[in-house]
Amino acid sequence: MKHIIFCISTFVLLWSSISFAAGTQYDLRVDGLACPFCAYGIEKKFIRTEGVESVDIDLKNGVVIVKTSEGKTFKEDQLKEVINEAGFTMHSMVQKPL
Amino acid sequence: MRRIFWLTLSASAWLALSGQSAFAHDPVFSIGPHVLYKGGIETAIETARDKSGNEKESELGLEIVYGITGDWAAGIEVPFAFKDEGTESSNGLSDIQVFTKYRFWREDSLGLQESAAVMLAVNAENGDEKTDPPLGNGATDIITGLTYGYEGLKWYRWASARYVLPGENAAGLQLGNKWLLDFVSGWRPTPPEYTKPDTVWLLELNGEFTDKAELNNNSLANSGGTEWFVSPGIFWTMRNFAIKSGIQIPIASDLNGIQDESDYRFKATFEWHL
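Chains A and B are the protein sequences, given in the same order. Its first residue numbered 0, the first sequence is counted upward by one per residue in numbering that gives the first Met the number 0. Its first residue numbered 0, the second sequence is counted upward by one per residue in numbering that gives the first Met the number 0.
Note that these hints are calculated values from the structure, not bench results. Be aware that a few hints might be false.
Computed list of lysine to aspartate or glutamate pairs in EDC-like fashion (alpha-carbon distance at most 20 Å, straight line) [said to hold, decoys possible]: (1) A:Lys43 / B:Glu192; (2) A:Lys59 / B:Glu113; (3) B:Lys195 / A:Asp57; (4) A:Lys79 / B:Glu113; (5) B:Lys153 / A:Asp30; (6) B:Lys211 / B:Asp259; (7) B:Lys195 / A:Asp55; (8) A:Lys59 / B:Glu106; (9) A:Lys66 / A:Asp55; (10) B:Lys153 / A:Asp57; (11) A:Lys79 / B:Glu106; (12) A:Lys59 / B:Glu192.
Computed footprint of chain A on chain B, listed as stretches where at least three residues anywhere in the stretch have a Cβ under 8 Å from a Cβ of chain A [stated by the list, open to error]: (13) 31 to 40; (14) 68 to 74; (15) 104 to 111; (16) 189 to 200.
Taking CB as the label site, the calculated pair distances span [unchecked claim]: (17) B:Ala169 / A:Gln77: 52 to 62 Å; (18) B:Met237 / A:Thr48: 19 to 29 Å; (19) A:Glu52 / B:Gly91: 29 to 39 Å; (20) A:Asn60 / B:Leu164: 38 to 48 Å; (21) B:Thr194 / A:Pro96: 25 to 35 Å.
All C-beta atoms, glycine included, are put in the ideal place defined by N, C-alpha and C.
Just need the whole structure built from these sequences, with the hints factored in.
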C-alpha cells in the first residue's frame, strides 16, 4: 500500500512540475510609465498576444511582468516592439522559467 | 445684425473648446501630447457648458479615437448642442470635428515621460446656421496645435499653443482667427498603483486672443478680444476608465466693443479604452 501511495505521489509531483513549469516569465524594465490609465495599453497589447497568460505592472519601479504558457517565448526585439507600440520604451529584460 | 452677433458669439465659444479631444491624460481645457497605443480604441462622452451674460450653451459630444501607431492617433467627435438665448432656444447636431495628433518626440525614463506632439482638427460645416440661435457657423474651420508634456509619478506640466483659422460662410461672415495659449500643472497626491483608482489635480491657465470677425470684408466692431481663464480640474482613472472635469473661471477680459464677458465654462468627460 505504501508503495502505491509513493508511486502516485511521485507521479502527481512530476506531472504538476511538467505542466506548470514550462512557461516563461519576462521581467521588463520599462521607461515612461507614469500613470495607470496609460499603462493599460501595455496590458491590452500583451493580452491580445497568443500564449500570454498574465501581465502585471509595477509603476513605481517601472517593471512589467509578463507570464507565458508552455512553449511560448519572445525575442527581446519582439518585446521592445510591443512596448514601443504601447507608447513606452523598454530599457532591459530578465527572462526566467516558471 | 442680432443674428450676426449670435453667430460670432456661439461659434467663438465652440471654437474655444475645439481641438482638444478627450485623451484622458491631457488637460481638461487644453491639449497635451497623450496619444493611444497602436490598435487601441478610445471612446468618450463629453459634456460642456458655457455661460456669457444671458446666453447659455450646452453640448453633448460623442467621440471615438483610434491608435494608428504608438505615437499617432486620429478620431471624430459628433456634438449635439443645446442653445438658449433667453427668448429663443435651439438644439440639434452641431459641427462635426475630425482630428489627428502625432507625437513626434518622446523621452522616457524611470517613472517619467516627456513628449511633444502636433495636432490638426477640422470642423465641418454641417451644423445648421439658420436656426435661432444657430447651431454652427456655416463654414469649415481648421485648428492646428503644438504641445509639450511632462508626466511624472507625482507632478505633471503641459504647455500648448493652438491656432484657429475659421472659414467664411455663405453669408460672407468670417470669424476672427484665434490663438489659444495654455499652461498647466498637475499633482498626484498619492503614488499610483496599477489596477487601483488614481487621482490627479490640475490647475490650468488658458489665454484666448481673437481677431475681429469680418462680414463681407468689413470688420465687426463688437467681436474679438482677449480673455484669460484660470481652470481647476481633476482626472480620475481606474484601469481603462477615466473621468475628467474642470471649470474655467475668467480672470481677465479685454473684449472689443460691446460683448458679454464669459461667466464660466464647465466640461466633463467620461472615457474608456476598449
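So, going through the hints one by one against the coordinates:
no.	hint	in the structure
1	A:Lys43 / B:Glu192	holds (17 Å)
2	A:Lys59 / B:Glu113	holds (17 Å)
3	B:Lys195 / A:Asp57	holds (12 Å)
4	A:Lys79 / B:Glu113	holds (19 Å)
5	B:Lys153 / A:Asp30	holds (15 Å)
6	B:Lys211 / B:Asp259	holds (15 Å)
7	B:Lys195 / A:Asp55	holds (12 Å)
8	A:Lys59 / B:Glu106	holds (18 Å)
9	A:Lys66 / A:Asp55	holds (9 Å)
10	B:Lys153 / A:Asp57	holds (15 Å)
11	A:Lys79 / B:Glu106	holds (15 Å)
12	A:Lys59 / B:Glu192	holds (8 Å)
13	31 to 40	holds (count 7)
14	68 to 74	holds (count 3)
15	104 to 111	holds (count 6)
16	189 to 200	holds (count 8)
17	B:Ala169 / A:Gln77: 52 to 62 Å	holds (55 Å)
18	B:Met237 / A:Thr48: 19 to 29 Å	holds (24 Å)
19	A:Glu52 / B:Gly91: 29 to 39 Å	violated (50 Å)
20	A:Asn60 / B:Leu164: 38 to 48 Å	holds (46 Å)
21	B:Thr194 / A:Pro96: 25 to 35 Å	holds (26 Å)
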